[in-house]
Amino acid sequence: MTMWPRILTLIVKELEMLLQDRQSRMILIVPVLLQLAVFPFAATLEVKNNTLAVYNEDFGRESAEVMQRFSRAQAFTRLLALHSEADVRRAIDRQEALIVLRFPPDFSRDVVAGRSPAIQAILDGRRSNSGQIALGYVQQILNAYTRERLPPPFPPAPSTLGVRHWFNPNLEYTWHILPCLIAIITSVNALIVTALSVAREREQGTLDQLLVSPLTPRMIMTGKIIPAVLVAVVQGTIILLGAVLAYRVPFEGSLPLLYGSMICYSLALAGVGLLIASVCATQQQAFLGVFSFLMPAILLSGYATPVDNMPVWLQSLDWANPMLHFIVIVKGVFLKNIGFAASLRNLVPLLIIAIATLGAADWLYRRRFAFRAP
Amino acid sequence: MSDALVTLDRVRKVFPGSTKPALEGVSAALRPARITGVVGPDGAGKTTLIRLMAGLLAPTSGTLGVNGRDPVRDAGFLRGFIGYMPQRFGLYEDLSVRENLELHADLRGLAGEERGAAFRRLLEFTGLAPFAARLAGRLSGGMKQKLGLACALLGRPRLLLLDEPSVGVDPVSRRELWSMMGELAARGLTVVWSTSYLDEAERCAEVLLMNDGRLMFSGSPADLTAPMRDRTLQLRRLAGNRRRVLARVLRRPEVMDGVIQGHAVRLVLRPGAARPGLEELDAGGQAELVPVAPRFEDAFIEALGGGPGGESVLAQRLRPVRGDHDTVVEAVALTKRFGGFTAADDVHFAVKRGEIFGLLGPNGAGKSTTFRMMCGLLAPTSGTARVMGIDLKTSPSEARQRLGYMAQTFSLYGNLTVAQNLKFFSGAYGLRGARQRSAMAEMTEVFRLQPFLGTAAGALPLGFKQRLALACAVMHEPALLFLDEPTSGVDPVTRREFWTHINGVVDKGVTVMVTTHFMDEAEYCDRIALVFRGKIIAAGSPDQLKEQTASPENPDPSMEDAFMALVQQHASEFPP
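Keeping their order, the protein sequence lines are chains A and B.
Positions 1 to 374 (the numbering used here) are the ones given, in order, by the first sequence.
Positions 1001 to 1576 (the numbering used here) are the ones given, in order, by the second sequence.
Calculated directly from the structure, the hints in this document are not laboratory data.
This structure is a prediction, so every number in the text was calculated from the model and none was measured.
Among these hints, one or two may not hold up.
[What the hints assert, rightly or not] If you anchor each label on the Cβ, the simulated ranges turn out as follows:
id, chain 1, residue 1, chain 2, residue 2, range
1, A, Arg367, B, Gly1285, 21 to 27 Å
2, B, Gly1389, A, Thr2, 21 to 27 Å
3, A, Ser292, B, Glu1102, 31 to 37 Å
4, A, Leu19, B, Ala1075, 57 to 63 Å
[Unchecked claim] From the derived model, a few chain B residues whose C-beta atoms are all more than 10 Å from chain A:
id, residue
5, Pro1130
6, Ala1293
7, Gln1401
8, Asn1415
By construction, the Cβ of each residue, glycine as well, lies at the ideal position given by its N, Cα and C atoms.
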């Protein structure tokens, strides 16, 4: 029997379903553009525009000088002056300030006398991450000040640290975020196109209509997988263009490698989507299924927190997370121009995951899908 | 009418985003202490009308009064006055019968002495007392409706609005529901009962006959059928092919409508027309025309402008099906168990080429399970289902190429256009190029789909949805058609048109297997298997089944009488 014309019929139908009305076209495109516009600004780990509170018990020149320097720093656009212990407690309690610095009463005297006075820093543990980063800035400023201010019997440092950030010299967060966005946004739609559309066909009875036709479960699956890959690739391309043209993220690597791995990745996702759909009777269940896969996949992908910080058992489990591998490849291709050989470390697992999920879906669909209870 | 409990004055309702009104110019008065039927096919506006009376919707224009008050503005006052049972009553399937009642009593603020008394009264009234501890999800369709009814009756309403309460209810429970309602109406309750079953209309004191958002008739059913008297006849003892006889009958200019009833043909004459001559009908020497009682449906058909005629353009275009399999469909010891529940139990039957075979039974009896096993959608637990000599489970694709399937609910792609659906389904069956184009053009012409080609299938009027579904099922000229409740809810004219096509294609040698809970549709079948509690309890031609149950009290039972008698006989012989 002629297979490909029928699969083509299925693909055309699927794309018509996706592009038929304004509403579903919007759903495919608008969130991508919106996230492209908002994410790089919102999802950043840089600490900017925060408030630094100071409880200054010292009234000397030196503490005023230090405060001058803080007020010039980009990280702190607002300086809050506190006047009592109670103020300190309240400022942290109400999240009015990220850090409170406390200068002891004899700060200026100690500095002039050549002693090194201690400054107390109080951080908000609820915002530990930004607190730590802000503290880094505080320390940098204090170090610079100390080097300038301390009188000459100042011992020369045994060595100095020269820091260069390779691949992202200015530590631009957009350089990190946008390649990751390619992975995240494409996965949402690749999963939805497969899982939800199968569930919808089941819910609306069109699946029965397909199953009584000469179409085989494998053809029906292929008719779901290819549109999902197409959607993922188109959306990936939009973000790629946005990243390079609008955000000026340098694209160093090879396009064929990027698109090759993007296809591998969306195949793996299509497999996951089909597996989710095989256990769901309704679109609602499929939606929940998609999200219960997506959330941990994103959290464990290394996008927000380094994979190396995770316990070893979780790291080995995370090997099965396709997003992890794809993010490594995208960032590598984008920023490092990794070659094909270097990408294999992640491309091979991606392929294995794709084969495993699609194989499992194929097995399930041929056995159960066709003979499912109403 | 000053004693009317519900009054409607030129009520019009247009839903936002829709240009076509759901209701247009409906004026009526519903009198208290009786059952008023809101009758009409799906999409006629019945639910909208009931929801307006319940105060859940406001009319776009016109006025509506319930006991002299506006149901939307005075909703608070009318809350205790109106009992409303929507199509799918909000029963909690994981709660027991009693817990459901308690929940609804809490919602209505029913407490103290009155509460216990109400429970006792309603459980006894509905016959649910022995099942008070059973989970609602495990009740039969009929018992669920009774529980829904009990919940709706909790606050002792004076007006009871029931939206299609008999859907999914077997004929036995349906009769019980009717007698319960009759009892309540006699005690002073005003009941509004909406239904798409036209035979139910005859049991109402008054009916509002709806079609396409308009009120076609309001008054007593007898008034509606009165003009039909002496115009309804049955052609009995006919010889030869009854489907061809029907086609000849319908070709006569004096005949307005005709249907098959077992081995007889029932016909309705045009007003003032003389009986057709027997020799012109060519129904054999024994044939005779016997006057029969008019039905509500006859009057409805007349109101819609008469039946659709007897020619199937579809069948004229079809090539005759020839095959070597005399037995096209065969079930051997077919059994399906879901956990501890046996949905189909040792089912046997065989369907010959060119036959219409019907599985008749109430919802939940196992006919859908059997049907799904036959078309390969469900794997049997044991036994075999063979189609054209092939087990669909093992050798699917080639056999499926020769099947057509039409599902119970509309199951085409609702957001694709008619043309896209036709293109997809012809493509799925391997039609390409010129063959595909000519098949699509033929279907468009046969089913008169031209004006709708660019319309989303989901937005079609019900009758056209159904035509499109049939078009998609027969485009590839299948030798075997599976039809699952094909005309449930459609208006009688569309139903006749549908059966004209089916009769036509059967004449060309196509085999048809159909499930139905409509007695009307069962009459069209050559043979029927009566499915009840997972078993086939009787099988034979419609006339054989009727004869089987003929008794001195009821010498000429209808299909429904036969059905009821056989089911009750089985239930008494094999208690569950």
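> Which hints, by number, does the structure contradict?
Replying inline: 1, 4, 7 and 8
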